[in-house]
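Heads up: the sequence shown runs through residues 1 to 288, numbered per our numbering.
These aren't lab readings, by the way, just hints derived from the structure by calculation.
Treat the numbers as computed from the prediction; the structure is a model and nothing was measured.
Accuracy of the hints is not assured; some may be wrong.
Unchecked claim - DEER-style ranges, computed between Cβ atoms: (1) Tyr-230 <-> Thr-111: 35 to 43 Å; (2) Thr-67 <-> Gly-195: 39 to 47 Å; (3) Asn-154 <-> Pro-24: 32 to 40 Å; (4) Val-221 <-> Ala-68: 36 to 44 Å; (5) Trp-36 <-> Ala-282: 38 to 46 Å; (6) Leu-242 <-> Gly-140: 16 to 24 Å; (7) Arg-25 <-> Asn-154: 48 to 56 Å; (8) Gly-107 <-> Ala-282: 39 to 47 Å; (9) Cys-143 <-> Pro-233: 27 to 35 Å; (10) Glu-73 <-> Gly-140: 38 to 46 Å; (11) Ala-194 <-> Gly-50: 47 to 55 Å; (12) Ala-160 <-> Ala-282: 17 to 25 Å; (13) Val-274 <-> Thr-205: 30 to 38 Å.
C-beta atoms are modelled at their ideal positions from N, C-alpha and C, and glycine is treated no differently.
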Amino acid sequence: MTAPTTATAGEPGPAGYTSPLPTPRPHLGHAVASEWTKLTSVRSTMWTLGSMVLLVVGIGGAVILQTASMDYEQMPFIAPALFGLLVGQLAVIVLGVLTITSEYGTGLVRTTFTAAPDRYRVLTAKYLVFGVTSFLAIAGSVCLVGLAATILRNGTGSGAHSSAEWASGLLGSFYVTLLGVLALAVGALVRHSAGAIAVMLGVVTLPPVIGAVLSIWEALVPAGRALLQYNSPVALIELFGLPTAGSDPSAVAEGVAAPGSLSHLALILLVTGVAVAASYVAVGRRDV
């Protein structure tokens, strides 16, 4: 008489046996649910996104209180949100890096790739969950500030305003979201929190400084001018509908025309796309 055997996971059971447990085929939705659980269960998400919301709403509210209705004749109602977002974007960048580097730091990435061997699916889920969550938080904060400015300062002398202002706010929110996605891609390539954050801080803060330095030498003026025109602060200012140095008539007369918001979006899409593609190649080829 032989002892009864039981089927282990992944092995077919006896003829005619049907498992009472559902065994669905893994798909992207499962990976998204897993990444959503990770993102919402760590304190870094609350601190980073929470600080971003506080900065955008807090600084934006302070700007609204210091302005009058006539000030909005030349600027959109969403403009006060820009001042907080220029600082708050750093929190989004940090969260983008930590979304993946925290797993490498703790070793949890080994468990993740063991449970979900399809690494491309895991990485795609990280990009989707982070991107959607960040965009909703950023856009919600910007719209809240814009709504407050509309209620408090839409009086006599505020001028005419259109719905295009809100579209500009959403484009600015999308730009900052792309910076966060770029940070996630850099984190996947570097696999080190401090290193990836340092790289992204350099990408955001150094171009204006380097551009100003290069503009001192006549031979390097074109390179310096390009860095002064194409950087994160200038991109956000133009996306939010505020004038920049390049949009000043005297500057245009000297040949320093502003590149335009669409050019900034095209550039960030190109850079982010290259970094994301490189992250897929790197994650797919590494042992961990």
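**Message:** Does the beta carbon distance between Arg-25 and Asn-154 stay inside 48 to 56 Å, or does it fall outside?
**Reply:** holds (54 Å)
**Request:** Mind checking the hinted window 16 to 24 Å against the Cβ distance between Leu-242 and Gly-140?
**Result:** holds (21 Å)
**Asked** Does the hinted range 27 to 35 Å hold for Cys-143 and Pro-233 at CB?
**Response** At 21 Å between Cβs, range violated.
**Asked** Is it true that the C-beta distance of Tyr-230 to Thr-111 lies inside 35 to 43 Å, as the hint says?
**Response** holds (41 Å)
**Prompt:** Lying within 32 to 40 Å: is that true of the beta-carbon distance Asn-154 to Pro-24?
**Reply:** The hinted range 32 to 40 Å is violated for Asn-154 and Pro-24, with Cβ atoms some 52 Å apart.
**Asked** If you check the beta carbons of Gly-107 and Ala-282, does the distance land in 39 to 47 Å?
**Response** violated (18 Å)
**Request:** Please test the hint of 17 to 25 Å on the beta carbon pair from Ala-160 and Ala-282.
**Result:** For Ala-282 against Ala-160, whose Cβ atoms are near 50 Å apart, the range 17 to 25 Å is violated.
**Message:** Looking only at beta-carbon atoms, does the pair Val-221, Ala-68 fall within the given range of 36 to 44 Å?
**Reply:** holds (40 Å)
**Prompt:** So does Glu-73 sit 38 to 46 Å from Gly-140, Cβ to Cβ?
**Reply:** violated (27 Å)
**Request:** Could you say whether the range 30 to 38 Å given as a hint is met by the Cβ separation of Val-274 and Thr-205?
**Result:** Between Val-274 and Thr-205, where Cβ atoms are some 21 Å apart, the hint is violated.
**Request:** Kindly confirm whether 39 to 47 Å is satisfied by the beta carbon distance between Thr-67 and Gly-195.
**Result:** holds (41 Å)
**Asked** That 38 to 46 Å hint for Trp-36 and Ala-282 (C-beta), does it hold up?
**Response** Cβ of Trp-36 to Cβ of Ala-282: about 24 Å, so the range 38 to 46 Å is violated.
When each numbered hint is compared with the structure, violations occur for hints 3, 5, 8, 9, 10, 11, 12 and 13.
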